[in-house]
Amino acid sequence: EPEVTQTPSHQVTQMGQEVILRCVPISNHLYFYWYRQILGQKVEFLVSFYNNEISEKSEIFDDQFSVERPDGSNFTLKIRSTKLEDSAMYFCASSNLAGGYYEQYFGPGTRLTVT
Amino acid sequence: DAKTTQPPSMDCAEGRAANLPCNHSTISGNEYVYWYRQIHSQGPQYIIHGLKNNETNEMASLIITEDRKSSTLILPHATLRDTAVYYCIVRVSRSGNTPLVFGKGTRLSVIA
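So the sequences go chain by chain: A and B. With the numbering used here, letter number 20 in the first sequence gets 20, and the count goes up by one each step, no holes. With the numbering used here, letter number 84 in the second sequence gets 84, and the count goes up by one each step, no holes.
Taking lysine-lysine pairs in the BS3-like style, the calculated list, with each CA pair at most 25 Å apart, reads: (1) A:LYS42 / B:LYS3; (2) B:LYS69 / B:LYS3; (3) B:LYS104 / A:LYS42; (4) A:LYS57 / A:LYS42; (5) A:LYS57 / B:LYS104; (6) B:LYS3 / A:LYS57; (7) A:LYS83 / A:LYS57; (8) B:LYS69 / A:LYS42; (9) A:LYS78 / A:LYS42.
Ranges of calculated distance between the beta carbons of each label pair, as one might list FRET restraints: (10) A:VAL12 / B:GLN45: 22 to 28 Å; (11) A:ILE60 / B:LEU80: 33 to 39 Å; (12) B:ARG107 / A:HIS10: 22 to 28 Å; (13) A:GLN64 / B:GLY15: 46 to 52 Å; (14) A:GLU59 / B:ALA17: 38 to 44 Å; (15) B:ASP11 / A:LYS83: 34 to 40 Å; (16) A:GLN17 / B:ASP67: 48 to 54 Å; (17) B:GLU14 / A:GLU85: 35 to 41 Å.
Rather than coming from a laboratory, the hints here were simulated on the basis of the structure. Built from N, CA and C at the ideal position, the CB exists for glycine as well.
Starting from the given sequences, assemble the full structure and let the hints guide the process.
Below is the structure:
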């Protein structure tokens, strides 16, 4: 069964450094998303992406964040200058129209630790 | 913010049916009820969704009240692997860009 994959599974970085989190969505999906979950808290929406542009973003997704689909398979989230509060699990998801509905399929996540 | 209310936790004996309730009294006519679960710290997993009719798939059944203000997710024969946080989400489905808004969910513990 096709699945969303994410790399790395765990990333440790120092405050102020740039990080890029990578995702390979399901191959025929057209909609892509990033969510994050701070330890012990709710899963929060960051951004959705369709047709090579951002469709919707939350208040969390400020100028420090950017997304890109550099080729036909990868979808990346870049954090320009990491802060301690960026430490969280980051989940990528993808979806497509199937049977008239859009179910989102999530990857296993990248645990980002900012020290 | 999430438009649903769920109990924070529930226990269920292994092999028994787990019935997880959800209140969504402000649901709009074009909003669907979705259920996802998250096992430990893994990515959320889609379970089932419905509009107004009861739905069943290989994982679960979804019972929606006639006034659509509440619903129940039923896992017919819970196993230890069903221990997870279960999220009830209302969402307009026919838009691929619509994000999922997660609440705190119900932590289901299946006990041997």
